[in-house]
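Fit chain L to the known structure of chain P by using the hints.
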Amino acid sequence: MSDRDHLSRLTRRLQTNTELNQAEIDRLESLPLQIKTLTRFQDVVQEGEHPTQSCVVLRGWLFRYRILESGRRQILSFHVAGEMPDLHSIYLEVMDHSLAALTPCEVALVPHRPLQDLVADHPRIGAVLWRDTLIDAGIFREWMVGIGRRSAFERLSHLICEMYLRLARVGLARDHSLEWPVTRSDLGDATGMTSVHVTRMLGELRRARLITLQGSILTILDWDRLVEAAGFDASYLHLRPTS
Amino acid sequence: MPRYFFDVADGDRHVRDEEGLELPDGESARREAICSLLDIARDELPDGDHRSFVITVRDGDETSLLSARLALDAKWLAQAG
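Chains as they are written, first to last, in our numbering: chain P, 56 to 298; chain L, 8 to 88.
Just chain P, same shape as in the assembly:
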């Protein structure tokens, strides 16, 4: 696979949010990169580091997290193919959280310098990437609402709706079925609840005939009812209508 093919994951995903013209696609896909494979829980970059590159997820799930002094972990976000979970590090010198692989992953590491040059030379690409980090911030706001105010049942339902749409837009999920590699402990750390409560809520979701979990395949049995149960409104994902 050529470098361009790898970065087409990024440009295709960006186009689910923003219109790109062919010249912009060409420039983004011509960025230099280095491929790296990661094992589960391997860090891409750690809190306190000064990264000189950002990554594009090619395969697998990544997550951003912080570890508190007590040793407790908060997962801040999940990331799937085509996303750039540490894009912000091109302008923020020091990482204020860590980024790691949730599953075995493949990422493309893109050095900051050519990325910064691209943004400086092509303000429209700068605006596209800026927009991307703004949408990212919108997703954080939605998680904050969830952790602060939604019930555990709503929080889990909401996360399933969100991840389904984020995977479906890049062709990695369809027919309301998705690969779900998130363990109960990971889910607890992402939604601010214990593993026991996560188990209880997943049981409730099954009993309500909203989802089934077979191995690592999660199937949404009734999308409309799940959306209603979660109070899910996809507008914060700013997806463009598909033509």
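For the record, the hints were derived by calculation from the structure and aren't laboratory data. Watch out, some of these pointers could steer you wrong.
Just a sample of chain L residues kept apart from chain P, beta carbon distances all over 10 Å, derived [what the hints assert, rightly or not]:
| # | residue |
| --- | --- |
| 1 | D19 |
| 2 | I62 |
| 3 | G67 |
| 4 | S71 |
| 5 | D80 |
A partial selection of chain P residues facing chain L, derived with a Cβ cut-off under 8 Å [as the list claims (entries may be wrong)]:
| # | residue |
| --- | --- |
| 6 | A207 |
| 7 | M248 |
| 8 | S250 |
| 9 | H252 |
| 10 | T254 |
None of these values were measured; they are calculated from a predicted model. We treat Cβ as the ideally placed atom computed from N, Cα and C, and that holds for glycine.
Showing chain L alone in chain P's frame:
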């Protein structure tokens, strides 16, 4: 790591844990049980003046190791204004 099972009774229903959870030791299981009671209470309350939630922790040999109970008792002390 040993596997612990957490059965939850919330007054209306008793849900037996069939999957269990691997934890380093009994103390971690105790902490998990107590923190889970807080999660459950946060979700289920307020709902009436008297509720109690009980988690019983079992090991893989069906031995009950620990029971943790969290109760709410609310009552008026003066006529509501």
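Which numbered hints fail: Per hint list: single violation, 2.
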